[in-house]
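Colleague: So the chains spell out like this:
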Amino acid sequence: MRRVAITGIGHTIFGNLSDFDLVDVMAYASADALDDADIRKERKIIDQVIVANMGGGRLNHQAGIASSLVSRLDLEPAMAELVENGPASGGSAIKVGFATIMSGLADVVMVTGGEVMRTVPGWEGTDFVASLLHPEAEYNYGLTLPAFGAMFTRMYMDRYGLTERDLAILAVKDHENGEKNPFAHVRIPCTLEGIFDSPDANVVNNYIAEPLRLYGMCPVSDGAASIIMCATDSQKIKHFSKKKPVFIAGIGAATDTHCVHERKDPLELKAVKQSAEKAYRMAGISAKDVSFAELHDAFIILEIAISEEVGFFERGKAKDAIAKGITRISGKLPINTSGGLKAKGHPLGATGVSQVHELVKQLRGEAEKGRQVKDPKYGMAVNFGGFGNNIVTTICSKE
Amino acid sequence: MDDIDFKVYKIGKPEVYAHKCPECGTLYYPVPMICRHCSARRDPSGVFYSSWEKVPLSGLKGKLLTWTRVYALPVGFNDRYLLFGIVELENGLRASGRLLFEDPKIGMKVVAKAGIVREKVGQDVFGFMFDVR
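Residue numbers (our numbering), protein chains in the order written: chain A, 1 to 399; chain B, 1001 to 1133.
Treat the hints as calculated values from the structure; they're not laboratory data. Fair warning: there could be bad hints in the mix.
Claimed, not checked - Examples of chain B residues lying across from chain A (beta carbon under 7 Å, computed): (1) Ile1004; (2) Gly1059; (3) Lys1063; (4) Val1070; (5) Ala1072; (6) Pro1074; (7) Leu1082; (8) Phe1084; (9) Ile1086; (10) Ala1095; (11) Ser1096; (12) Arg1098; (13) Ile1116; (14) Val1117; (15) Arg1118; (16) Gln1123.
What the hints assert, rightly or not - The list that follows gives simulated cross-link-like pairs (lysine to any residue, SDA-like), each with its CA atoms no further than 20 Å apart: (17) B/Lys1105 / A/Thr163; (18) B/Lys1105 / A/Gly161; (19) B/Lys1105 / A/Pro211; (20) B/Lys1063 / A/Arg263; (21) A/Lys264 / B/His1019; (22) B/Lys1063 / A/Met157; (23) B/Lys1120 / A/His134; (24) B/Lys1013 / A/Glu136; (25) B/Lys1120 / A/Lys270; (26) B/Lys1063 / B/Phe1101; (27) A/Lys264 / B/Cys1038; (28) A/Lys270 / B/Arg1036; (29) B/Lys1063 / A/Asp158; (30) B/Lys1109 / A/Asp158; (31) B/Lys1105 / A/Glu164; (32) B/Lys1120 / A/Pro135.
Stated by the list, open to error - According to the in silico footprint, chain B covers these stretches of chain A (three or more CB under 8 Å from chain B): (33) 124-133; (34) 139-152.
The C-beta atom is built at its ideal place from N, Cα and C for all residues, glycine as well.
Turn these sequences into a full structure, and let the hints steer you where they fit.
Modeller: As C-alpha cells, then:
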C-alpha cells in the first residue's frame, strides 16, 4: 500500500472576504501551500487538483471552479475536479485526493477548499445552508441547521444534565485558542462573566435558536485552505525536502439518514462513530492514542457530542472533562486548538481542509506561541456534513 | 367570463401524508424509493411499480421529543421567531414541524395538524403544525 505525505499547507485569514473573488481567495491559499512546500517554480509536478466548495454556483454565480483555479495558478494540464459534500466538502476532497494517490492515478495532489458566502445577506446565507436539509420534511418548514443544532442541544441537556453555563465554559476555551490563531475569524477573548454570569451577558450573548446563544454558534465566514499531498514512493517526493512531512495515517467516512427525525435515537451520531472507527482501523490506533483533535463545532454542542462518539469520553461525560481543562491546549487531550469553527470560523468548503491544515501545523510543531500542543503523535479531524448525515474523519501522524 | 373555470383556484385542504409500503405496510415520512424493511420499490409515476398509498397524518396524537425557538430565520419568513419541534406520533412515525404554542416542554402531548408552512409564488406548501389540542 502507498503512503501519503502532506508536504505543503496554505491558509487565508477567515472572516469577511466578500470584496474578493472566490477563486482568487482559493488561489491565494493554494499559492501559500506552494510556497510552504517550496515548489512554486516546479508547480507543474502537481498531477491533480481537487477543489472543495459548496456555494460557488449559488452565492458567487460561478461554475467549473476547479478548472478556473488550475488556470489561475498556472497548473495546466493538471487534472481537476470539484467535490461538493455540504459542510464536509473539505474532508471529502482530502479523502478523494488520498484515494487518487492510492489508486496510482496521481502522485502529487493539491486539495483546496474555499467559500465566499458573505456576498449575500445573513438570511439568504441561512437559507442556502438550510437547502441541504430534506426539502419536503425539513427545509420547507423554515428549519435551519442552527435549529437542528438547538434541538439536539435541548435533547442532550435533558438526558445528560448539561447546562447553558457548561456551553459557555466551552466557548471561553475555544476563544482562548482562536485568539492566538492568526487565521481565526473571531480573535476576541471572552470571559465567562462577559458571556454568561453577568446580568448583562444576555445583551452580548443573546439567543439565536434556544437554547443556543450567539456564543454557541460558529460565525458565517469566508476563506480558504489548501494542502499538497505526495506519495512517498514517488520520484516527485524529492521536490519536497524543505519541510518535514506529516502523514495521512487513516481516513474514514460514513453517512446517516437524511432526516434527523428518522434516527432511532436522534442523539446518536452514528456516522461520526462509524467514520472514526474506520479511520482508527486504517491508522491501526484507538481513541486513546490521539494526541489532539479538531472537531466540527458548527454548534458548540457538537464538540461535546463528537468527542463522545469518537470515543474520547463516555456519553454525557465530556462536560466534566471540559470543566477540568482536559481539552485545553495544556490539557491531556487538547480539542479545537485552532479555536474550532466557533472562533476560527466556518467557510463551508474550506473547513475540512483547514482542520487538516491545523493537524499538520501542530504535528510539525509550527503552531503559534501558547497554542502549540506538546509533542503530539496523532492528530484527528472530524468534518461534519448535513446534520450528521455525512462525516469524514482524517487522522494524521508525525511518523 | 363564463369560460373561466374557478375551480382551479380552489385552495386545497392542508394535509400531510405518510406513504405506505404496499408489500410490508411500513409507513414513511418522508417517502424513500426503496423500503428499508422489505426492499420493495416505489415508482412516483405508478407505471412500473406501485406509487404507494398515501396516508393522511393530521389529527394524530404525539409526544414532543425536543424543540427550539429560532430567531435567525431564513429568507421568506418574516416572523420575529418561530418554534420548531420533533414529535413522535402515536403510529410510531416521527416528524419535524412547527409548534403553534408557547412554552413547550419535552415529553408533553401534542396533536398533529396540517397547515401552510411556506408560501412560494403561486403555491402554498403544507406541513405539520403541532398544537396542544
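Colleague: None of the hints should be skipped; say for each whether it holds.
Modeller: Now for the hints, and whether the structure bears them out:
no., hint, verdict
1, Ile1004, "30 Å, violated"
2, Gly1059, "19 Å, violated"
3, Lys1063, "13 Å, violated"
4, Val1070, "4 Å, holds"
5, Ala1072, "5 Å, holds"
6, Pro1074, "4 Å, holds"
7, Leu1082, "6 Å, holds"
8, Phe1084, "5 Å, holds"
9, Ile1086, "5 Å, holds"
10, Ala1095, "6 Å, holds"
11, Ser1096, "5 Å, holds"
12, Arg1098, "6 Å, holds"
13, Ile1116, "10 Å, violated"
14, Val1117, "5 Å, holds"
15, Arg1118, "5 Å, holds"
16, Gln1123, "11 Å, violated"
17, B/Lys1105 / A/Thr163, "16 Å, holds"
18, B/Lys1105 / A/Gly161, "15 Å, holds"
19, B/Lys1105 / A/Pro211, "13 Å, holds"
20, B/Lys1063 / A/Arg263, "16 Å, holds"
21, A/Lys264 / B/His1019, "19 Å, holds"
22, B/Lys1063 / A/Met157, "18 Å, holds"
23, B/Lys1120 / A/His134, "17 Å, holds"
24, B/Lys1013 / A/Glu136, "17 Å, holds"
25, B/Lys1120 / A/Lys270, "35 Å, violated"
26, B/Lys1063 / B/Phe1101, "14 Å, holds"
27, A/Lys264 / B/Cys1038, "18 Å, holds"
28, A/Lys270 / B/Arg1036, "17 Å, holds"
29, B/Lys1063 / A/Asp158, "15 Å, holds"
30, B/Lys1109 / A/Asp158, "17 Å, holds"
31, B/Lys1105 / A/Glu164, "17 Å, holds"
32, B/Lys1120 / A/Pro135, "13 Å, holds"
33, 124-133, "holds (count 4)"
34, 139-152, "holds (count 10)"
Hints 1, 2, 3, 13, 16, 25 from the list above are not met by this structure, while the remaining hints are.
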